[in-house]
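Colleague: Spelled out from the first residue to the last, the chains are:
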Amino acid sequence: MEKIVKKLASAITEPLGYDSEQQAVVQYGLFAIIQIIIIGIIITVFGLVTNCLLECWISYLAVAILRKSTGGAHAKTSNECLIISVAVISVIGIISHYLKLIPYGQVIGLALCPLLFIISCFIVYKKAPVDSEKKPIKSPKKIRRLRIISFITLIAYAIISIAFIAVSFKFEAGLYLAVSLNLSVFWQSITLLIAVK
Amino acid sequence: MKKYFKPLLTVAAMICSFVAATMASSACLLFYYQPEEPKSLQD
Chain A
189 MEKIVKKLAS AITEPLGYDS EQQAVVQYGL FAIIQIIIIG IIITVFGLVT NCLLECWISY
249 LAVAILRKST GGAHAKTSNE CLIISVAVIS VIGIISHYLK LIPYGQVIGL ALCPLLFIIS
309 CFIVYKKAPV DSEKKPIKSP KKIRRLRIIS FITLIAYAII SIAFIAVSFK FEAGLYLAVS
369 LNLSVFWQSI TLLIAVK
Chain B
393 MKKYFKPLLT VAAMICSFVA ATMASSACLL FYYQPEEPKS LQD
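Sequence lines, in order, name chains A and B.
In my numbering, each number is its position in the first sequence, counted from 1, plus 188.
In my numbering, each number is its position in the second sequence, counted from 1, plus 392.
What the hints contain is simulated information worked out from the structure, not anything from laboratory work.
We put the CB at the ideal spot given by N, CA and C, even for glycine.
Hints should not be assumed to be uniformly reliable.
[Stated by the list, open to error] Straight line, CA to CA, 27 Å or less: simulated DSS-like cross-link-like pairs of lysine-lysine:
hint, chain 1, residue 1, chain 2, residue 2
1, A, 194, B, 394
2, A, 195, B, 394
3, A, 194, A, 264
4, B, 431, A, 194
5, B, 431, A, 191
6, A, 195, B, 398
7, A, 264, B, 431
8, B, 431, A, 358
9, B, 398, A, 358
10, A, 322, B, 394
[Unchecked claim] To give an idea of the interface, some chain B residues facing chain A are shown, with a C-beta separation under 8 Å as derived from the structure:
hint, residue
11, 401
12, 404
13, 411
14, 412
15, 418
16, 426
Go ahead and model the full structure; you've got the sequences and the hints to work with.
Modeller: This is the structure in structure tokens:
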């Protein structure tokens with residue numbers, strides 16, 4: 189994927205006469221855009237096939253938005269990243285959607301949501317933001333800003349979860365959306381623990 | 393068509409640069425791979 193992005197970035201910047209640094213910036217942005225689009229398309233197709241599109245999309249957005257401020261573990265290559273992202277989001281989508289098939293699935297879902305959320309909050313409080321070798325975060329001002337954004341994101345997720353659970357008393361599907369959201373937050377917080385610099 | 397080619401490339405480059413700047417202000421890219429960040433975007 190990186191080779192394709194490099195070629196595309198050159199195709200965009202060369203006719204414009206950009207220097208190597210400007211080309212690197214365009215390439216960096218283009219990589220992010222292509223990564224978001226490819227994972228989004230695969231997740232959509234997978235969600236449609238397995239009939240858990242909403243759960244997959246909630247997981248996709250929840251992981252991506254929280255990850256922006258908390259950071260976390262990274263794959264060694266972009267293809268490895270693609271496989272891990274799709275696999276994790278798909279598994280979370282399937283588990284959430286088909287929780288109803290398990291005996292006491294509703295009760296398990298109701299118990300899981302607050303439990304996973306509290307554990308995740310604790311991990312985020314202790315670890316966020318986690319940087320990487322390729323993108324070190326040194327500025328105390330930036331660290332503080334990212335921590336604040338992480339907690340605002342978690343508060344927003346808590347409100348959305350409560351809304352989903354409230355809706356679930358009328359429409360059972362709401363509970364499975366809340367489970368999907370909380371499993372995603374939990375997974376993202378686990379990546380903070382397994383991150384290696 | 394040729395007349396629109398350069399403006400289109402400029403818009404594409406601007407969008408990519410905007411996304412790159414947004415990602416640079418974050419802890420990392422949205423998913424599980426972090427490419428080397430350009431020097432001009434580092435802290």
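Colleague: Hint by hint, say whether it matches the structure.
Modeller: Tested hints:
Straight-line distance between C-alpha atoms of residue 194 of chain A and residue 394 of chain B comes to about 23 Å, which keeps the hinted pair within the 27 Å bound. For the hint pairing residue 195 of chain A with residue 394 of chain B, the CA-to-CA distance comes to about 21 Å; that is within 27 Å, so the pair holds. The straight-line distance between the Cα atoms of residue 194 of chain A and residue 264 of chain A is roughly 18 Å, inside the 27 Å bound, and the hint therefore holds. Restraint check for residue 431 of chain B and residue 194 of chain A: satisfied, since their Cα atoms lie roughly 17 Å apart, inside the 27 Å limit.
Of the supplied pair hints, the one linking residue 431 of chain B and residue 191 of chain A holds, its CA atoms being roughly 20 Å apart against a limit of 27 Å. Pair hint residue 195 of chain A plus residue 398 of chain B holds up; C-alpha atoms about 17 Å apart against a cutoff of 27 Å. Distance restraint check for residue 264 of chain A and residue 431 of chain B: the Cα-Cα separation of roughly 21 Å lies within the 27 Å cut-off, and the hinted pair is therefore satisfied. Between residue 431 of chain B and residue 358 of chain A, the direct Cα distance comes to roughly 53 Å. Violation of the 27 Å bound is thereby established for this hinted pair.
A C-alpha spacing of about 54 Å is found between residue 398 of chain B and residue 358 of chain A, which places the hinted pair above 27 Å, so the restraint is violated. Proposed proximity of residue 322 of chain A and residue 394 of chain B is contradicted: the alpha carbons are some 39 Å apart, above 27 Å. Among the interface hints, the one on residue 401 of chain B holds; its C-beta lies about 5 Å from the nearest C-beta in chain A, closer than the 8 Å criterion. Against a cut-off of 8 Å between C-beta atoms, the interface hint on residue 404 of chain B holds, since the closest Cβ of chain A lies about 5 Å away.
Look at residue 411 of chain B: its Cβ gets to within about 4 Å of chain A, closer than 8 Å, so that hint holds up. The beta carbon of residue 412 of chain B is positioned within 8 Å of a beta carbon in chain A (closest approach about 3 Å), and the interface hint is therefore held. For residue 418 of chain B, the suggested interface contact is upheld, since its CB lies about 4 Å from the closest CB of chain A, less than 8 Å. With 8 Å as the threshold, the beta carbon of residue 426 of chain B comes within range of chain A, its nearest partner Cβ sitting at about 5 Å, so the hint holds.
Violation of the numbered hints given earlier is confined to hints 8, 9 and 10; the remaining hints are satisfied by the structure.
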